[in-house]
Each structure stands twice: as structure tokens, then as C-alpha cells.
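Novice: Now for the letters of each chain:
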Amino acid sequence: DTGVSQDPRHKITKRGQNVTFRCDPISEHNRLYWYRQTLGQGPEFLTYFQNEAQLEKSRLLSDRFSAERPKGSFSTLEIQRTEQGDSAMYLCASSHRQGASAGELFFGEGSRLTVL
Amino acid sequence: DQQVKQNSPSLSVQEGRISILNCDYTNSMFDYFLWYKKYPAEGPTFLISISSIKDKNEDGRFTVFLNKSAKHLSLHIVPSQPGDSAVYFCAASEEGGGFKTIFGAGTRLFVKA
Chain Z
433 DTGVSQDPRH KITKRGQNVT FRCDPISEHN RLYWYRQTLG QGPEFLTYFQ NEAQLEKSRL
493 LSDRFSAERP KGSFSTLEIQ RTEQGDSAMY LCASSHRQGA SAGELFFGEG SRLTVL
Chain R
1269 DQQVKQNSPS LSVQEGRISI LNCDYTNSMF DYFLWYKKYP AEGPTFLISI SSIKDKNEDG
1329 RFTVFLNKSA KHLSLHIVPS QPGDSAVYFC AASEEGGGFK TIFGAGTRLF VKA
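Going down the list, the sequences are from chains Z and R. Take the numbering used here: the final residue in the first sequence is number 548, and no numbers are missing along the way. Take the numbering used here: the final residue in the second sequence is number 1381, and no numbers are missing along the way.
Subject to a maximum C-alpha distance of 20 Å in a straight line, what follows is the list of computed EDC-like cross-link-like pairs (lysine to aspartate or glutamate):
1. Z:Lys489 x Z:Glu500
2. R:Lys1368 x Z:Glu500
3. R:Lys1368 x Z:Glu476
4. R:Lys1368 x Z:Glu484
5. R:Lys1273 x Z:Glu476
Rather than coming from a laboratory, the hints here were simulated on the basis of the structure. Values in this document were obtained by computation on a predicted structure and should not be read as measured data.
Given the sequences, and given the hints that come with them, work out the whole structure.
Specialist: Okay, here's the thing in C-alpha cells:
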């Protein structure tokens, strides 16, 4: 396992379509995070899982956004009825709960969404 | 409400000199601070961190300083190398890290050979 992987890397869609992104975290990490990054900004926190439990989702941008982590392993982020303002890089990260690197997030390379 | 602010969008430094990147925060509940480095087309990678119980942490060429009373931290890179050219994000979190880490907007560092 070499790191956090995200799929697809790039997605171009038309306004109104649904899109889903997948994240596979580092296998021994029990925490998983979704962030969004727009041009010139830092990563913006969206939601967080510890194992399969979604412990924080208040920052999901609207009810069109939802995330799951059904078995505590991979996670999906779905955006329904996409809008042009949803165009951004969607980053997934994972981390240990404890240990010397407990606070460190390991990021994937991101999934870039373009909504036409 | 930007809880973590990096007021310099870019910084240019000569190779071999010191790079100083600054960060300010507003949330006094933050107790863990991190710096991440990001190259184009890659996700951010962890660089160095500091707990609020310390005021300095050093790792090779990288040193982070924390001034809690001023709610300010800085990253020093010395000597700077061309490979250090990247975007640097300051980040902060409560409860020892991880959960809901808040990022600044980033500073793009150019190290000229």
C-alpha cells in the first residue's frame, strides 16, 4: 500500500448530472476525511469518518453532497445535480487515530471536477 | 471566517538563503499546528508540526516557531533549495490534530537558483 488513492483523477460533467468520487485510504488508517480545494485557496474541510461512522458532516456544502464509508475502508463522495460552482479539486485524506503521527493527514492526489 | 490566515500569497528567495513563511490564527482552541507542502498535480504532503505546549520544533532544514500570545506561527527553511519551490499551507486543529484540520490559503514559495 503506497498511499491514499482517489478515482477518478479528472471528471468533466454537465450541469445537473450526478458524480461520485472514490477514496481508498491507507489500509491501517481508521480516520478518513474529505476536503475541497478551489483555485487560490487551501483545502476546505467537508466531512470526516472514524471507521464507518461519519462523525462530522456539518461542513458538507449542501444537501446535494453526501459521503459514505460503508465498511470502514474505502469512501465515496457523491454530488447530486451538479452546479458550475461545484468545480473544484476534491481531496481525500486519512490518518491514524493515535501515535506519533496522529495529527498528520495523508492526502491523495485529488479528483478534479469540472462542471460545464 | 478565516481561522487560519496566510497573508503572503507568494515569496521569492535566493537559493541558500532563509525562507520565512508566516501564518496567523484566530481560534484560541487550536492546539496543534502543521505545515504542508504541495507540488502541482499532487496532494498536500505533511512537512512539520508543533503542539501548543512547545514554541519550537526543528526537523533538518525546517523549523516551526509558535507564538501563542500573538497567535502566530512561522516556518523557516534554511538553506533554501530550488526543490523547495512549492505551495506551503499552514494548518491548525483542536484536540491534538486530525479532526477538522483547518488550512490557510497557502503561500507559493519560489527559490531561485
